[in-house]
Amino acid sequence: MHANTPDPAEQLDPVPLLDVKDLTVDLLSRGGDGGSVHRVVHGVSFTLHKEETVALIGESGSGKSISAMAVMGLLPATTARVGGSARHQGTDLLTLPPDQLRARRGKRIAMIFQDALSALNPTFSVGFQIAETIRAHEKVGRREARARAVDLMARVRIPDPASRYRDYPHQFSGGMRQRIMIAMAVALRPDVLIADEPTTALDVTVQAQIMELLAELREETGSALLLITHDLGLAAGTADRIAIMYAGRILEQAPFEELYDRPAHPYTRGLLAAVPRLDGDLDDLTPIPGSPPGPGALPSGCPFHPRCTDSRDRCATQPPMLLPVLPNPPARLVACHYPLEVSGA
Amino acid sequence: MPDDPLLLEVRGLVKHFKAGGLPMGGRRRDPVKAVDGVDLTLSRGSTLGLVGESGCGKSTLARLLMALDRPTSGTVLVEGRNLLALPSAELRRRRRDIQLVMQDPYTSLDPRMTALEIVREPLDIHRDLMPKRERATRARELLEMVGLDPGHAHRHPHQFSGGQRQRLGIARALALRPKILVCDEPVSALDVSVQAQVINLLKELQREFGLSYVFIAHDLAVVRHVADEVAVMYLGRIVEHGDRDTVYSRPAHPYTRALLSAVPDPDPHRRGATGRIVLQGDPPSPSRPPAGCAFHTRCWKSQEICADQRPLPSEPLSVGRRQVSCHFPEN
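These protein sequence lines map, in sequence, to chains A and B.
Under UniProt numbering, the first sequence has 120 at position 120, and the numbering climbs by one with no breaks.
Under UniProt numbering, the second sequence has 297 at position 297, and the numbering climbs by one with no breaks.
Hints were generated in silico from the structure; no laboratory data involved.
None of these values were measured; they are calculated from a predicted model.
The beta carbon of each residue, even a glycine, is placed where N, CA and C say it ideally should be.
Treat the hints with care, since some could be wrong.
Listed next, with one range per pair, are the computed distances between beta-carbon atoms [said to hold, decoys possible]: (1) E132/A to D104/B: 34 to 42 Å; (2) L117/A to Q303/B: 35 to 43 Å; (3) S73/B to G280/A: 36 to 44 Å; (4) E138/A to H269/B: 37 to 45 Å; (5) T286/A to D245/B: 19 to 27 Å; (6) G281/B to E138/A: 26 to 34 Å; (7) G210/B to T317/A: 44 to 52 Å; (8) D284/A to H269/B: 23 to 31 Å; (9) N331/B to L28/A: 57 to 65 Å; (10) A136/A to G281/B: 26 to 34 Å; (11) A297/A to H126/B: 34 to 42 Å; (12) W300/B to Y168/A: 26 to 34 Å; (13) L86/B to S173/A: 38 to 46 Å; (14) K18/B to E132/A: 35 to 43 Å.
With these hints in hand, go ahead and build the complete structure from the sequences.
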């Protein structure tokens, strides 16, 4: 079918760089009673296009980090079962043999972790660790790998990179360590970068530096960025599209401005009202009653219904699907039986 | 009440920590100047927000306020009395007036105690406050006061959510009817949807019981919602202090400006609207703070004098009672 009017979906590159469909993660635990299985990710789907920044936002335990780990094949097979598909340029990462996955991971799809101190090896110098990343994927000599590592350290603005090459992770500040992690991640110019709470352990002034650097590098390398965060403000500053996660599901997905101006899901509206601001209303904040459910105690139907002010009978029994919101499909999706009015432009 | 002593007054407070022993073959290391000359006051029923990044000395200051640590020099006066100069029995009694709410509700509650025992424990320690038979009733009242179901009194901490645990911590801190609560990052371990519940609870309790808070946090947006006055700390010193609205709408110290501009704003229409200041470099080590103004190494306005002379706090402004320690303040 060839329509003349441009479909909003067609404006994006038709084949996404990363296409995650119906991702599920079950965690197995071995207890005294023969063990139990908890589903922590319930059919998550999202896409990431070339040069795009998408933010997965959610509170702790919402399944955002574990979804990213599942896509990267970083969950231990003994305790986690992953279902669905995660196609990176057409190749399903979830069914790829381990050696092929390893070749792709780090080179074409790379990850930045929250806690650089525990993600870096304390017994090797940072420079060596960057050079090792390069040598693991490309046939280059030590000397060349070293030169490239020093270049990368300069690019992430480590002062005096040549002499700091030999320093160990503990000799760097938190912000500088995160820069080293970023240098390792972009070393092989991956086309997909996954940043899992890259600034959560850092102070605000340092956070601003790191986010600026990430945005710059993303632009320079033309890669796509999947930003995982709990901070709406951080996402607002960088993301083109946002997916809001709750209890292992995506509840709403939209371009950020639309989501901010006209949230379609009551949870999104609640989140926006609960965030303390630097400007605006100083009256009491409007919290969401209750707290997020644990993986072992998921409510029936819509996972948000016990905390939702708009919930009705159907919400308790029937889980809503993630469906397009009129009038702007398919960029806007919401999983709610009674979404909020969004048409008033 | 001009003769009434201030509820809390801090004068020239300094706390230096000796750094370790002698490392192998090394020189004696410099002491860590965690708190380096702090003056503060807190009036009844109001909230002082203390803002700063990690390592600026805000938690050390909290410990000094609570008389849990002895300052290197300077004094902390609670209603005109220096707690650390009191005989120990008297100190014990006076400690009731000032209580602490800790950051992490996961590690600050004894996992083997029930909610009721946790809240009741302070009453069992300060035995003269009420007879034994009344304590359990009072503990249940406290649970209800912070919005917990008294029916859950026999649950253990792990059976509560993070927000509920923080409520427990608050109930425990309130058990002795303190006048001052020192809250050290009370909401930073909580999710946004729950954070607002705890902030609102603290504000309600303040309105109801006329409590005064020292609210320590790194999150400027959170502090704006609770504080009447704000003090901004950098490397053990207060660089700016004043009424909330003055500090937030017309920050005078370059560091305050940079901090405010670095807070991510969820409003996408303001993306890039506020002149964002991205500071270069990291905060220097508190064991070797720069000479002169501690901020001059990262400051875009710094000149020669900043590296030589430590700026003194300005005379408080009549409007907004603002004091700033900067050679080239703004606004």
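Distance restraint evaluation - L86/B, S173/A, Cβ atoms, bounds 38 to 46 Å: holds, 41 Å
Whether the CB-CB distance between W300/B and Y168/A falls inside 26 to 34 Å: holds, 32 Å
How does the Cβ-Cβ distance of A297/A and H126/B compare with 34 to 42 Å: does it lie in that range? holds, 38 Å
Does the Cβ distance between D284/A and H269/B fall inside 23 to 31 Å? holds, 24 Å
May I ask you to test the hint 35 to 43 Å on the CB atoms belonging to L117/A and Q303/B? holds, 37 Å
Could you say whether the range 26 to 34 Å given as a hint is met by the Cβ separation of A136/A and G281/B? holds, 32 Å
Between S73/B and G280/A, does the beta-carbon spacing fit 36 to 44 Å? holds, 42 Å
Confirm or reject the claim that T286/A and D245/B have a C-beta distance inside 19 to 27 Å. holds, 22 Å
I want to verify a distance hint. Is the separation of the beta carbons of N331/B and L28/A within 57 to 65 Å? holds, 59 Å
CB of E138/A to CB of H269/B, is that within 37 to 45 Å? holds, 44 Å
Is 44 to 52 Å right for how far apart the beta carbons of G210/B and T317/A are? 48 Å Cβ-Cβ, so the 44 to 52 Å window holds.
E132/A and K18/B - C-beta distance against the hinted 35 to 43 Å: holds, 39 Å
Against the hints set out earlier in the document, no violation occurs for any number.
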